[in-house]
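> Sequence:
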Amino acid sequence: MCGIAGFYGDINKKQSVSTLKHMLTRIKHRGPDQSGVYVSDYVGLGSVRLSIIDLSSGTMPISNQDNSLWIVFNGEIYNHMELREDLIQKNHIFKTRSDTEVILHLYEEYGPECLKKLNGQFAIAIWDKHKEELFLARDRVGIRPLFYTQTKSAFVFASEIKAFMEYPEVSLKFSNKALSEYVTFWTALSPNTVFENVFEVPPGTYMLVNHKGIKSNTYWELPIVKPNAYNFTTVEEAATAFENIFLDSIKLRLRADVPVAAYLSGGIDSSITTSFIKQVSPNRLKTFSIGFTETDFDESAYQNIAASYFKTEHSSVTCSEQDISNYFKEVVWFAEAPLLRTAPTPMGLLSKSVRDHNIKVVITGEGADELLGGYNIFKEAKIKHFWAKDPQSKLRPMLLKRLYPYLPQINKASSNMLKMFFGYKLTETDSPIYSHLLRWHNTSRIKNYFSDTIKETIKDYNPIAEVEEKLESKLSGYDYLTKAQWLEIHLFMSGYLLSSQGDRMGMANSIEGRYPFLDHRVIEFCMALHPDLKLHGLNEKYLLKKMMKDRLPDAILNRSKQAYRAPIRSLFASETLPEYLKTMLSEQRLTEFGVFNVEHVKTLLSKIISNKGVSEMDNMAITAVLSIQILYDLFIKKSIPNISESELITLDKIIIE
Numbered sequence: 115m116c117g118i119a120g121f122y123g124d125i126n127k128k129q130s131v132s133t134l135k136h137m138l139t140r141i142k143h144r145g146p147d148q149s150g151v152y153v154s155d156y157v158g159l160g161s162v163r164l165s166i167i168d169l170s171s172g173t174m175p176i177s178n179q180d181n182s183l184w185i186v187f188n189g190e191i192y193n194h195m196e197l198r199e200d201l202i203q204k205n206h207i208f209k210t211r212s213d214t215e216v217i218l219h220l221y222e223e224y225g226p227e228c229l230k231k232l233n234g235q236f237a238i239a240i241w242d243k244h245k246e247e248l249f250l251a252r253d254r255v256g257i258r259p260l261f262y263t264q265t266k267s268a269f270v271f272a273s274e275i276k277a278f279m280e281y282p283e284v285s286l287k288f289s290n291k292a293l294s295e296y297v298t299f300w301t302a303l304s305p306n307t308v309f310e311n312v313f314e315v316p317p318g319t320y321m322l323v324n325h326k327g328i329k330s331n332t333y334w335e336l337p338i339v340k341p342n343a344y345n346f347t348t349v350e351e352a353a354t355a356f357e358n359i360f361l362d363s364i365k366l367r368l369r370a371d372v373p374v375a376a377y378l379s380g381g382i383d384s385s386i387t388t389s390f391i392k393q394v395s396p397n398r399l400k401t402f403s404i405g406f407t408e409t410d411f412d413e414s415a416y417q418n419i420a421a422s423y424f425k426t427e428h429s430s431v432t433c434s435e436q437d438i439s440n441y442f443k444e445v446v447w448f449a450e451a452p453l454l455r456t457a458p459t460p461m462g463l464l465s466k467s468v469r470d471h472n473i474k475v476v477i478t479g480e481g482a483d484e485l486l487g488g489y490n491i492f493k494e495a496k497i498k499h500f501w502a503k504d505p506q507s508k509l510r511p512m513l514l515k516r517l518y519p520y521l522p523q524i525n526k527a528s529s530n531m532l533k534m535f536f537g538y539k540l541t542e543t544d545s546p547i548y549s550h551l552l553r554w555h556n557t558s559r560i561k562n563y564f565s566d567t568i569k570e571t572i573k574d575y576n577p578i579a580e581v582e583e584k585l586e587s588k589l590s591g592y593d594y595l596t597k598a599q600w601l602e603i604h605l606f607m608s609g610y611l612l613s614s615q616g617d618r619m620g621m622a623n624s625i626e627g628r629y630p631f632l633d634h635r636v637i638e639f640c641m642a643l644h645p646d647l648k649l650h651g652l653n654e655k656y657l658l659k660k661m662m663k664d665r666l667p668d669a670i671l672n673r674s675k676q677a678y679r680a681p682i683r684s685l686f687a688s689e690t691l692p693e694y695l696k697t698m699l700s701e702q703r704l705t706e707f708g709v710f711n712v713e714h715v716k717t718l719l720s721k722i723i724s725n726k727g728v729s730e731m732d733n734m735a736i737t738a739v740l741s742i743q744i745l746y747d748l749f750i751k752k753s754i755p756n757i758s759e760s761e762l763i764t765l766d767k768i769i770i771e
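For the sequence shown, this note's numbering gives the first residue as 115, with consecutive numbering after it.
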C-alpha cells in the first residue's frame with residue numbers, strides 16, 4: 115500500500131522535485147518504507163511506499179522496458195501472479211516481482227481495458243511519454259482514494275487532499291453545496307468533495323489527461339438484476355457456489371511477503387473471514403479487536419468467544435470516553451471530511467494497535483452487510499413496504515421496535531409515536547430512494563445549524579431531490595432490496611465506510627485493509643441473488659448463516675445484529691475536554707469561520723452537556739459541527755505548521771528526464 119501524488123501541465127522541472135517531496139511528506143504515513151519521484155517536461159510523479167509485495171525491488175516510480183511508460187500506484191493486485199504469466203507468454207520482460215510492474219505491462223498490452231483484468235484495490239497513475247498523456251484509474255468500489263484538482267497551469271492529483279496544500283497554486287475552501295450533501299448523506303455525491311474544485315476519481319472510473327483536456331470513462335458499474343433474472347432457486351445451491359468464490363477471494367488476499375492478520379469484531383462477518391483464513395492457512399493467526407468502556411457499545415464478550423473458538427493469537431484495545439475526545443482532531447485530519455459519527459476514532463485506535471504489533475496487513479469483513487442485507491435500513495425498508503399496504507395499521511409499525519433495541523426512545527415508543535417517526539412519505543414506495551428517504555430527511559435537518567450566509571447559497575439546492583431524479587429511470591423495475599443496496603453501496607459504503615472508517619484510519623497508521631467480501635466476483639454473485647436469500651423475513655445475511663451452520667459458535671451465528679457504534683456525547687461530557695475542541699466550539703471561532711449559526715450551536719451544546727432529551731440527531735449534529743470546524747481550521751485556515759526541511763522525506767529514487 116502506498117500514497118501517490120503528481121501533476122501534469124506547464125510545470126517548472128527544477129522545482130518539481132521539491133514540490134513532490136513536500137506533497138509526499140504530507141502523506142508519508144501511507145508509505146513509510148520507500149519513496150521516489152519521476153519528473154519530465156510535462157509531468158511529475160511521486161510515491162511513498164508501504165512495502166508488502168517484493169520488498170526489495172518494488173520502489174516506485176517504475177518504468178516499462180523501453181522507459182516509455184512510468185507508473186505510481188497505491189493498492190494491491192491480488193491476481194498479479196496469473197497476470198504476469200500471461201504477459202510473459204506475450205514476450206513482456208520484467209525486472210521486479212512487484213504487482214506494480216504487472217499493471218504497467220498490462221496497460222502497455224491492453225490499454226485501459228487492462229482494468230477489467232485486475233482483481234484488487236487500487237489507485238493508478240501512468241504517464242505515457244509518447245502520447246504525452248496521463249492515465250488515472252480507481253478500483254471498482256472505491257477502496258483506495260484518488261483526488262484531483264486543477265490550477266491555472268497544472269492538473270494535480272494525490273491519494274489525500276492534504277497533499278494539495280503543498281502545491282503552490284492550490285488554496286482550499288469549502289463547497290457549500292458539498293456541505294449540504296455531507297449533512298444529508300454522510301458523504302458528498304461523487305465526484306464532489308467538501309472542498310471546492312477538489313474532486314475524486316469516482317469508483318470504477320479511469321481518466322485520460324492530455325493537452326486536449328480531461329476525458330472520464332466508466333469501466334465497471336455495480337451489477338443489478340431484475341426479478342426475472344435472479345440466480346439460484348435454493349439456499350443450498352447458492353451457499354455452495356458462494357463458498358467457492360469466497361474461498362478463492364480469501365486465498366488471493368492472503369498473498370503477501372509480510373504477515374497477514376485479521377480483525378475479529380465478534381460479529382458474523384469477521385468470524386466468517388477468520389474461519390476461511392484458518393481453512394486456507396491453519397497456522398497461528400493474529401487477530402485484533404476494539405472494545406469500549408461504555409457497555410452499550412462493547413462487544414468484547416463475543417470477540418473473546420470467537421478468538422477462543424478459532425484459537426487465534428488475539429489482541430484487544432479498549433476505547434474510552436477520553437480517547438474519543440483526545441483523538442478526534444487527529445481523526446478529522448486523516449478523514450479529510452465532515453463526520454456525523456465518532457466511529458472512525460476507535461477504528462484509528464484499532465489500526466494503531468495493529469501497527470504496534472508490527473503488522474502491516476489485516477483482512478476485514480466490510481461489504482457483507484451491504485451485499486447480503488445486513489443493515490437495519492434494509493429491514494426497515496421491508497417493514498415499511500409491508501406497512502404501506504395498510505397505512506392505518508396499529509400493529510405493523512410495531513415491527514420496527516425489533517430493529518432498534520439500543521435506542522430507548524424507539525423501544526419505549528407507542529404505535530402512534532412510531533407512525534410519526536417512521537411514517538415519513540410512507541406510501542411513496544415507488545420512489546427509487548424509498549429506503550433512505552427517512553434517514554436523509556432527518557440528517558438533512560443539520561442544515562438548520564448553518565449560518566444565514568451558507569443557507570442563502572444553498573436555499574435552491576435539494577440534494578435528495580437531485581438523487582431521486584437521477585435514479586428514477588436507472589432503478590425502475592428493481593426490487594426493494596436491490597434499490598436500497600445500490601444506494602448503500604454507492605453512497606455510504608464508498609463515500610464513508612471505506613474512506614473515513616476504512617482507508618483513512620488504516621493508512622494513518624500505515625495499515626492496509628483487505629476486503630474479501632469486496633472481490634468483484636463476490637459482489638457480482640451477491641447482487642444477482644433473490645432478496646430472500648439475503649434478507650429472509652427479518653433474518654439478515656440468511657445465506658451466510660445457512661452456509662456457516664455448525665461452523666461457528668451459536669452465540670455468534672445466532673446473535674442479534676448489533677450496529678457498530680461509538681460514543682458521541684462523551685466528546686462533551688468529559689471533565690477533561692481537550693482545549694482544542696473547546697476552542698473550535700467557542701463563539702469566537704464559530705463567528706470567525708462563519709459556517710454555523712452561533713446561537714443555534716450554543717443551544718445544542720448546552721442541551722448535550724446537560725444530557726436532557728438528547729436525540730440521535732442531536733449527537734450527529736454536534737459531531738458534524740465539530741468536525742467541520744476542525745476541517746476549516748486545519749485545511750482552510752491552515753493552522754498546521756509548515757513542513758520544515760528536517761521533516762522532508764528522503765527520496766530513495768529520483769528520475770529526471
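Please note that a few of the clues may not be correct.
To be verified - Cross-link-like lysine-lysine pairs, in silico, DSS-like; alpha carbons within 25 angstroms at most:
1) Lys329 - Lys230
2) Lys561 - Lys726
3) Lys127 - Lys425
4) Lys287 - Lys515
5) Lys503 - Lys340
6) Lys569 - Lys588
7) Lys291 - Lys561
8) Lys231 - Lys329
9) Lys340 - Lys365
10) Lys276 - Lys584
11) Lys204 - Lys230
12) Lys127 - Lys340
13) Lys425 - Lys659
14) Lys726 - Lys287
15) Lys721 - Lys443
16) Lys127 - Lys291
17) Lys291 - Lys496
18) Lys230 - Lys443
19) Lys443 - Lys752
20) Lys135 - Lys231
21) Lys230 - Lys135
22) Lys128 - Lys231
23) Lys340 - Lys515
24) Lys245 - Lys276
25) Lys340 - Lys588
Rather than coming from a laboratory, the hints here were simulated on the basis of the structure.
> Which numbered hints are broken by the structure, listed smallest first?
As far as the earlier hints go, 3, 4, 6, 9, 10, 12, 14, 16, 17, 18, 20, 21, 22, 23, 24 are violated by this structure, in ascending order.
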